[in-house]
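Visitor: Sequence:
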Amino acid sequence: MSSGNLRKLGRWIKGREVDQKSVVLVREGLVAGNRQQALEFIRAHWQSLWAQQRERRQDPSAVAATLLEGFPEGQRRQVQWQQVTAEHMQRAFSQVQGSAGPDGWTAAEVKHFPAPCVALMHQLSLRWLQAGRLPRQLREVRMVNLPKSQKIKADHTLEAGHTRPISVASVYWRIFAKACLTGSGMLEWGMRNLHPDVAGVAGTLGSEAAAAELLDSFRRGKNAYLGSLDWSAAYDHLSPAANKLFLQGLG
Numbered sequence: 002m003s004s005g006n007l008r009k010l011g012r013w014i015k016g017r018e019v020d021q022k023s024v025v026l027v028r029e030g031l032v033a034g035n036r037q038q039a040l041e042f043i044r045a046h047w048q049s050l051w052a053q054q055r056e057r058r059q060d061p062s063a064v065a066a067t068l069l070e071g072f073p074e075g076q077r078r079q080v081q082w083q084q085v086t087a088e089h090m091q092r093a094f095s096q097v098q099g100s101a102g103p104d105g106w107t108a109a110e111v112k113h114f115p116a117p118c119v120a121l122m123h124q125l126s127l128r129w130l131q132a133g134r135l136p137r138q139l140r141e142v143r144m145v146n147l148p149k150s151q152k153i154k155a156d157h158t159l160e161a162g163h164t165r166p167i168s169v170a171s172v173y174w175r176i177f178a179k180a181c182l183t184g185s186g187m188l189e190w191g192m193r194n195l196h197p198d199v200a201g202v203a204g205t206l207g208s209e210a211a212a213a214e215l216l217d218s219f220r221r222g223k224n225a226y227l228g229s230l231d232w233s234a235a236y237d238h239l240s241p242a243a244n245k246l247f248l249q250g251l252g
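In the working numbering, the protein residues as written are 2 to 252.
Everything labelled a hint here was simulated from the structure, so no lab data went into it.
Everything numeric in this text was worked out from a predicted model, so none of it was measured.
Do not take every clue at face value.
[Said to hold, decoys possible] Okay, derived cross-link-like pairs now, DMTMM-like style, lysine to aspartate or glutamate, Cα gap no bigger than 20 Å in a straight line:
1. K152 - D231
2. K149 - E160
3. K179 - E110
4. K149 - E29
5. K152 - D237
6. K152 - E56
Starting from the given sequences, assemble the full structure and let the hints guide the process.
Guide: Structure below.
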């Protein structure tokens, strides 16, 4: 990696790939004897994590205020937020990708929904937003827990907390998020307010191009350093209430 050569980087990544072998889940010295017990171990792990969060939870207002310090009020650029139209929803339907959630609908199927069906989904979405409520089915997810290969022990045991949960919600959420991104003013807000060095948003470098630029700079630098930050279970410790207040503060 010190050479900045992408071919060598590719070989390094492939060299880290390992076959996913069967593992036996353990938790607090107990060994799962079947799939149901393994599921209970994973469930107990997350319930324990959430209980710890409740004990150490910070005031959401204080968290939001700290985050807003990075966006001085005088430098925030407001936009005219718009309501997502049926046209934006139709475009999002036609571009959606991905596998099915718990309702069984795949992107390959719903992208061919007729216009009247999409228009009805648009009306329902606006009504749900107005009411602040959702059908139960849209709050469900399909989840798989993948073992972290680097955490598997020599005897093929794995702590329940060392599985990686992958959750897939209804394909509707990919459609609705796409419609909001393109039709509500969110892209304009990002271009006006995010620092130019932030990659992966409209008007900036994509993730791959940004990584290539970083590697080139790293290769040319005499005293260069390239690193990344990885907080353990960072996403799992996010506060929805604090994020909501933070976004409201941004406008």
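Visitor: Hint by hint, say whether it matches the structure.
Guide: Here's how the hints hold up against the structure:
The suggested pairing of K152 with D231 holds, with an alpha-carbon distance near 16 Å, which does not exceed 20 Å. Between the alpha carbons of K149 and E160 the distance comes to roughly 10 Å, so the proposed pair stays at or under 20 Å and holds. Only pairs whose Cα atoms come within 20 Å are accepted, and K179 paired with E110 is accepted, the gap being roughly 17 Å. Restraint check: the Cα-Cα separation between K149 and E29 comes to about 18 Å, which is no more than 20 Å; the hinted pair holds.
With a CA separation close to 19 Å, the supplied pair K152 and D237 stays within the 20 Å bound. Distance check on the hinted pair: K152 and E56 sit about 28 Å apart at the alpha-carbon level, beyond 20 Å; violated.
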